[in-house]
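Chemist: The lines below spell out each chain.
2 protein chains.
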Amino acid sequence: MSDKITDMDVFFNPKSIAIIGASETFKFGYTMTNYLLNSNFKTYPVNINKDIIFGHKVFKNINEIPDDIELAIIVVKNENVLQVVKDSVKKEVKGIIIETAGFAETSIEKLVNIQKEIEIIAKNSNVRIIGPNCVGITNFDNKFTTAEIDFNQSIEGGTISVIAQSGVLGNIFVEWSASQNIGFSKTITLGNKVDVDEIDMLEYLENDPNTNVITVYLEGVKRGPKLVEILKKLTKPVLILKNGRSEIGSKAIKSHTGSIAGNDKIYDAIFKQYSGIYRVNNFYEMFNIAQVFATQPLPKGKNIAIITSSGSLGILACDEIERLGLKLAVLNDSSIQEMKSISPNWTSLKNPVDLGPSLFMTFSQSLKAILNDEGVDALLHIFAVPQRPIKEFSLPITPHLKDLRNLSTKLKKPVITCVFGSRWVVEYFLKHSYKYKIPIMAQISHAIKALKFMYDFGQSNKNINKNIEI
Amino acid sequence: MSDKITDMDVFFNPKSIAIIGASETFKFGYTMTNYLLNSNFKTYPVNINKDIIFGHKVFKNINEIPDDIELAIIVVKNENVLQVVKDSVKKEVKGIIIETAGFAETSIEKLVNIQKEIEIIAKNSNVRIIGPNCVGITNFDNKFTTAEIDFNQSIEGGTISVIAQSGVLGNIFVEWSASQNIGFSKTITLGNKVDVDEIDMLEYLENDPNTNVITVYLEGVKRGPKLVEILKKLTKPVLILKNGRSEIGSKAIKSHTGSIAGNDKIYDAIFKQYSGIYRVNNFYEMFNIAQVFATQPLPKGKNIAIITSSGSLGILACDEIERLGLKLAVLNDSSIQEMKSISPNWTSLKNPVDLGPSLFMTFSQSLKAILNDEGVDALLHIFAVPQRPIKEFSLPITPHLKDLRNLSTKLKKPVITCVFGSRWVVEYFLKHSYKYKIPIMAQISHAIKALKFMYDFGQSNKNINKNIEI
Chain A
1 MSDKITDMDV FFNPKSIAII GASETFKFGY TMTNYLLNSN FKTYPVNINK
51 DIIFGHKVFK NINEIPDDIE LAIIVVKNEN VLQVVKDSVK KEVKGIIIET
101 AGFAETSIEK LVNIQKEIEI IAKNSNVRII GPNCVGITNF DNKFTTAEID
151 FNQSIEGGTI SVIAQSGVLG NIFVEWSASQ NIGFSKTITL GNKVDVDEID
201 MLEYLENDPN TNVITVYLEG VKRGPKLVEI LKKLTKPVLI LKNGRSEIGS
251 KAIKSHTGSI AGNDKIYDAI FKQYSGIYRV NNFYEMFNIA QVFATQPLPK
301 GKNIAIITSS GSLGILACDE IERLGLKLAV LNDSSIQEMK SISPNWTSLK
351 NPVDLGPSLF MTFSQSLKAI LNDEGVDALL HIFAVPQRPI KEFSLPITPH
401 LKDLRNLSTK LKKPVITCVF GSRWVVEYFL KHSYKYKIPI MAQISHAIKA
451 LKFMYDFGQS NKNINKNIEI
Chain B
1 MSDKITDMDV FFNPKSIAII GASETFKFGY TMTNYLLNSN FKTYPVNINK
51 DIIFGHKVFK NINEIPDDIE LAIIVVKNEN VLQVVKDSVK KEVKGIIIET
101 AGFAETSIEK LVNIQKEIEI IAKNSNVRII GPNCVGITNF DNKFTTAEID
151 FNQSIEGGTI SVIAQSGVLG NIFVEWSASQ NIGFSKTITL GNKVDVDEID
201 MLEYLENDPN TNVITVYLEG VKRGPKLVEI LKKLTKPVLI LKNGRSEIGS
251 KAIKSHTGSI AGNDKIYDAI FKQYSGIYRV NNFYEMFNIA QVFATQPLPK
301 GKNIAIITSS GSLGILACDE IERLGLKLAV LNDSSIQEMK SISPNWTSLK
351 NPVDLGPSLF MTFSQSLKAI LNDEGVDALL HIFAVPQRPI KEFSLPITPH
401 LKDLRNLSTK LKKPVITCVF GSRWVVEYFL KHSYKYKIPI MAQISHAIKA
451 LKFMYDFGQS NKNINKNIEI
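Sequences listed follow chains A and B, in order. Residues in the first sequence are numbered consecutively from 1, following this note's numbering. Residues in the second sequence are numbered consecutively from 1, following this note's numbering.
Don't read these hints as lab results, they were simulated from the structure. Just so you know, not all the hints are guaranteed correct.
Which copy is meant is left open, because identical chains are indistinguishable; a pair holds if it fits in one copy or across any two.
To be verified - Here are the simulated DSS-like cross-link-like pairs (lysine-lysine), alpha carbons at most 27 Å apart as the crow flies: (1) 300 <-> 251; (2) 435 <-> 60; (3) 50 <-> 233; (4) 391 <-> 431; (5) 60 <-> 222; (6) 42 <-> 254; (7) 265 <-> 327; (8) 232 <-> 368; (9) 91 <-> 116; (10) 350 <-> 254; (11) 15 <-> 42; (12) 402 <-> 435; (13) 254 <-> 302; (14) 302 <-> 327; (15) 116 <-> 350; (16) 435 <-> 226; (17) 402 <-> 50; (18) 254 <-> 90; (19) 265 <-> 90; (20) 57 <-> 431; (21) 302 <-> 91; (22) 77 <-> 340; (23) 86 <-> 410.
Construct the complete structure from the given sequences, taking the supplied hints into account.
Modeler: Encoded structure:
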């Protein structure tokens, strides 16, 4: 990979765009073509076989476009990609995103060689190239995307950015995040990485004012020492999912993006060496933890309070707290008395505070009592309730969320809610809690791990530069 | 706990029922009262303060009911429970479910002593008692329930049964399972276990023709040697979630149901000693794996094939396969050729078979080719797709599921689908796959663990006696 420094910004905020291989019939590239041609981004379709696409004049070649082009997006067949790259270089574009697959990952000599030629072009010209075998960039801040997604108004952004290899996943992340109210700033897929790699993007995201948390899915790294150097320098929290831990997984990586997985133990050692870098086990864990980093204040200590409607789930949380070296907060007598005054005699008010079904009546006040307790650094709220009382009797479950958020922000104590229940209950919570930036997740283990990473991050010399107001 | 043997069936199929503390206003017991009084189960409401509930005559005392009563369900206040138990014994009921909480789990001497007195009554009479501090039984086969759930037509049953302690969770399981299409036969919550315990219920479920898989959430066991004895004898697969692994978790168990957690290492050793007993880490894992046991044939070997639209997720699955000691199947050349004839040149057709976006066109035929391959014992199908092509272009994704199920049953090879995508995509799949009994889950690690447990179970001398036809 080249060490030349070029501003990555052309990939996120291009002033003019050509889509080469633009399509108005259903095939790869259709959704992006449709979206960009109907957007405010100045976009020119290029296709040798078409005259009009979605009502726009089509150019046979990028060099026929009577305008400067900053970014070329390539979705033509793999055998035509090399020529189109050469055309784009001639046009003096600043960036190219090659989305087409079918190169080094196939291990077919002819296709591997095409990729090598493109790599040489990237080295010997001023152009920066993302791909091939990816879906490029989605920027939630200005709603620019080269991915095959329906990027409409309903997808809310946030401050988490993701770097990944896989094209298909790049599309799914965006749709999935919309379902889960995970707020992204940028999603980036790099594919086979002939030129631009995760190191370029880590540097970009470190300086991006809209990114507070960086998540990385890694298959293999070509510039190892450079990666170590940048990891050392980063001031933002980074969550890394690295697969290929196994021998058969490493072999599969070769067929996926033509990358070499490398020795997993070395990666593990590197990730552990630098504060602020955390390894996770799967995508759900990655994004659940990222959500906590993105929205919650850092805990000042290790003392976790649990408030739950299910004693069993409270105990599962205790097991995780001990396993990760955190502590169960010892509640002040006055906090317990405050809760006792409003609770039935059968509730268990030691930490974990188990309100059982009385939770419907008492949890709002109990949450505040606990959060105000000086012995508490962070609060896990486990909400396992049947839907009937909420749905049929309209029991007020979420009106207190704004107060809770204000208190949490004021006291600098993170709050996480774990919800276990019917789909209706989960969606009810997601809908109401999102605007108050209280992260919702299904897995208790992810919540506790998030608090552990947040605590560690707070102990490091790093800082999250973010606005956690509502 | 008493060793006397009484038929547990009275709890699942009572011929006549009294609800003591019946309510028609919103409080604990309301939903059950409403449901049972309007059902075909012969139910009598008892409440000292009421004359009519939901149009039914109310009795002041169970002994005023001019009919034999088999099952008494108690939801009165904790201080009134002892007298009501005595009344029920006088009425010669066969079973009592005490749902009221506020006994040994409070550590308040007076309340602990009430529980002890109830325990003595159970020992010295012929009645069997479940609880206190639980929601009792839900039987999906005859739609009988003592839980606070809206048990309407829309909840489909299945062959998984669950034994748990916690009352709140007992309600949630049912609602959650309906959302996820997890098919239950019986759900049982035991609370503080003054009499009936998990050993009684394991014996019952072992002999229950509608239960194929037993799942147990365990906090503490009072009859340790008996548990070991029954675990040794069971022929059905058992998945156990035991919490209180940690010191602080063990303490929390005491406040939850007054149980003693016991030394976790001893449990772990016992669970590992007997084939067919598998320990899991959380409820999602428990029910996802149970679903596979309940619906899929046992794999004959360790060779797993993966077909995926996302190379990255395929690699994560490879890592799990190696970690759990399974093998990645080596595909026959003829299977690869069969797929090659219908696939674009850029797809990767070695196992894991990565079809990328071409999956929309080719996966139905590819799934069959792989399942027919003699080197394949089980199939993991990772479905990560954007929703737009399915929703807007109505791409046919699920019509082949019936063929797939038939082939899987015929060849005795299990199939699991992991879906990663928007909520719409997940629900689309759930809706279509349920009738063909192909388990759907989000977590790849659960799918691989299910295949590992299924393989181990197949190697044991145990057998699942089940009908796996559609």
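Chemist: Regarding residue 435 and residue 60, is the shortest C-alpha distance of 27 Å or less found within a copy, between copies, in both, or in neither?
Modeler: Neither, since 47 Å and 50 Å both go past 27 Å.
Chemist: Up to 27 Å between alpha-carbons, please classify residue 402 paired with residue 50: within, between, both or neither.
Modeler: neither (54 Å within a copy, 41 Å between copies)
Chemist: Given a CA cutoff of 27 Å, do residue 42 and residue 254 count as a within-copy pair, a between-copy pair, both, or neither?
Modeler: neither (37 Å within a copy, 66 Å between copies)
Chemist: With 27 Å as the alpha-carbon cut-off, assign the pair residue 302 and residue 91 to within, between, both or neither.
Modeler: Answer is neither: 57 Å inside a copy and 55 Å across each miss the 27 Å cutoff.
Chemist: State whether the alpha carbon distance between residue 350 and residue 254 is at most 27 Å within one copy, between copies, both, or neither.
Modeler: between (53 Å within a copy, 11 Å between copies)
Chemist: Pop the pair residue 300 and residue 251 into one bin, within, between, both or neither, using alpha-carbon distances up to 27 Å.
Modeler: between (43 Å within a copy, 25 Å between copies)
Chemist: Taking 27 Å as the upper bound on the Cα-Cα distance, should residue 265 and residue 327 be classified as within, between, both, or neither?
Modeler: between (30 Å within a copy, 22 Å between copies)
Chemist: At most 27 Å between C-alpha atoms: does residue 91 with residue 116 qualify within a copy, between copies, both, or neither?
Modeler: within (21 Å within a copy, 87 Å between copies)
Chemist: Between residue 391 and residue 431, at a C-alpha cutoff of 27 Å, which is it: within one copy, between copies, both, or neither?
Modeler: both (14 Å within a copy, 23 Å between copies)
Chemist: Within a copy, between copies, both or neither: where do residue 232 and residue 368 come within 27 Å Cα-Cα?
Modeler: neither (39 Å within a copy, 49 Å between copies)
Chemist: Could you figure out if residue 57 and residue 431 sit no more than 27 Å apart (CA to CA) within one copy, between two copies, both or neither?
Modeler: Classified as neither; 42 Å inside a copy, 43 Å across copies.
Chemist: My question is about residue 15 and residue 42: at a cut-off of 27 Å on alpha-carbon distance, are they close within one copy, between copies, both, or neither?
Modeler: within (7 Å within a copy, 75 Å between copies)
The earlier numbered hints that this structure contradicts are 2, 3, 5, 6, 8, 16, 17, 18, 19, 20, 21 and 23.
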